[in-house]
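K.L.:
Protein sequence lines, in the order shown, are assigned to chains A and B.
Each number in my numbering corresponds to the 1-based position in the first sequence with 639 added.
Each number in my numbering corresponds to the 1-based position in the second sequence with 841 added.
Hints in this document: simulated from the structure, not taken from any laboratory.
Hints are supplied without guarantee of correctness; some may be wrong.
[Said to hold, decoys possible] Below, simulated DMTMM-like cross-link-like pairs (lysine to aspartate or glutamate); rule was C-alpha separation at most 25 Å, straight line: (1) Lys-1156/B to Glu-895/A; (2) Lys-1156/B to Glu-763/A; (3) Lys-1161/B to Glu-989/B.
So you can see what is in the structure, the chains are spelled out below.
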Amino acid sequence: MLRSFVFLAGLAMALPSAAAFNIFACEPEWAALAKALGGDKVSAYSATHALQDPHRIEARPSLIAKARNAQLVVCTGAELEAGWLPPVLRESGNAAVQPGRAGYFEAAPHVMRLEIPARLDRSEGDVHASGNPHIQLDPRNLLAVAGPLAKRLGELDAANAGHYAERHRAFAEKMQQAIARWEQEAAPLRGTQVIAQHKSFSYLFNWLGLVEVGTLEPKPGIEPGSAHLAQLLAQVKARQVRLIVRTPYDSPRPGEWLAGRAGIPLVTLPFTVGGSERAQDLFGLFDDTIARLKERTP
Amino acid sequence: MHRIALLAVASTLALPAAAASDEDLKVLREEVAQMKKSYEQRIEALEQRLAAAESAPVKSQSPQDGAAPARAAGGFNPEVSLILQGQYRRMKDVPERSITGYWPAGGHGHGGDERGLTLDHSELIVSANIDPWYRGMLNVALKDGEAEVEEAWFQTLGLGNGFTLKGGRFLSGIGYLNEQHPHAWDFADAPLMTKALFGEHYGKDGLQLKWVAPTDLFLEFGAEVGRGAGFPGTDRNRNSAGAGAIFAHVGDDVGRSHAWRAGLSWLSTRAKDREAHFEDTDAAGPNEVEGLFTGRSRTVVADFVWKWAPEGNPKQRNFKFQTELFRRTEGGDLACASDVASSPCLGGPGLGKLRSSQTGGYAQAVWQFMPRWRVGYRFDWLNSGSKRYDPATVFAALDPANAYFAGYRPKRHTLMADWSQSEFSRLRLQYARDRSMQGVTDNQVTLQYIMSLGAHGAHKF
């Protein structure tokens, strides 16, 4: 009896050290990247899923509980999570993951950000001072983030530093090959004129050479209105726009309205890992995104 | 058999070397050509980006100049925000509004009881991380001729193990609504319960320690000690703490679309000569005298919040149900005081023991049925509860017709609709049928605006 109790107690004490390195990712793409770099040495929780708008999240009790037990928080930054992450981290009482500590990692500072506003004013809508935060749809950004993230993992979980470095090498190699393949596959898309619902795809368009003619939202974060949509309709006709794209969480209605009147397809792109059936990891995300774009571009 | 296997291995090993045939060279050349083409495309893309970056009004930034630009909030600059609020309110002209059966909470109001067009207080909020270990916040409510410090506190960031310590003046963590400032409320005014319990909300000068348990289920415990100057307590000029509170919260998600939080809180404080206006039994005609309560006050609050947002996206549609229930028990001595020579309260006589036990609560539901638009309904109910005192002594000095002695169940129904063009502006229309005063049915209409300027901090759940 006593012996089994001692054994159980010993097991309970041993568990935390044996357990995987605990990662709290703000978005699914960072959970997927952390998983790709950490393998079975990490457990990655994503605070949001692909059907959620990462701008508008409630600082729910469950998120505070998850942040409380995290050893590393991986987020986009660039104010994407400004509406919910600060109270979650503060309320968690977890000193290790506060901004400025080693347990807090932001992806955006490691990439070249687009659309940094020359003027900061709320009359321009919900603009981010640090530029467009939706950086994950350019795979070269993922490569740029993977290095520093693997390094940070190795610093925090020193016992497995070699493991992370090794997996990073493998990931980078696989990603570089995939990028070359995707670029070739998407070459016919170059120059295609598109309209997006929100500025969610700027990095994707920039990478593949698509041209964003306008957005369904009149200003970032402002709901599409009928006057603006009517204006867009005129533009669609004048500039031979081929596609309208939206994320899985954007309301389909404004896009359907415009697509119906302009006679062009509305395409839902996965936007992040989990956004479609094929987009189950970072590679599937781009495979599916490019396939969907090509399928709907005549 | 053996020999065949050996042969096979040898041939596979030999293949790469032997394969430098014409066919393979051709494949290699093709690969090189493809790579060349791919790189040319990438260079071209880079050139295009460069050209775009040079011509576009928005400039892109290299990761090397790294940190967010200094103008971004949250850097070394404090986050400053300003809340502008004003309203038009149509209601009955009732002098000295109070809730029948309840000791009027002397606490500060924010002008919600004024009729016609009024400017509510404007809130100025400044907050920032002080250093890696502390965060600070100041919230000042500005009204004509006064600037009231609503909150001024520091909070630890680095205690770890789930602990957070807050010190200074802060809104107590008891209940659910108490920590929210009026601009975050879903209705133009506070629930009757809040008005009866605290005036508007319960703030403390003191310390708060919170601990979040290391579990997957959200479990939070908190304890507070404070000066206890706010209603239902009074400032008692002591060295030791005047009020204490403990609370516990539990919460979780249910599926992707539902989240909830429940809490239980307990507040204990003491009052000395807590004042309220009463009318006396002067034979020459009633005088307005001070009723004085000295004793302890204990409040238990249970709260529950449930939020629904399809797939966790509150932007399009969402629903929020919230309810709080309380029981307050008070025990101590009643006295009255007056300067009028003929008043039975002259000289401040004691009127014996007073014990009371009161309950009540509210329940509200707010539904965002389409982007920008929300409607809500709130039901308030209170029970003046039981009061124990010696009627012969008390009514010798105080008129039994005083509202405090009435047995009554105040009720109020409130309907609201609001419209938010962005998350920073809100216009609200509210109708309330207020029966918090016995014999008065007050149909109130409120038109309100709430505007947030600057770095509007994120709200808690």
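K.L.:
Hints the structure violates: just list their numbers, smallest first.
P.N.:
Going through the list in order, the structure violates hint 3 alone and respects the others.
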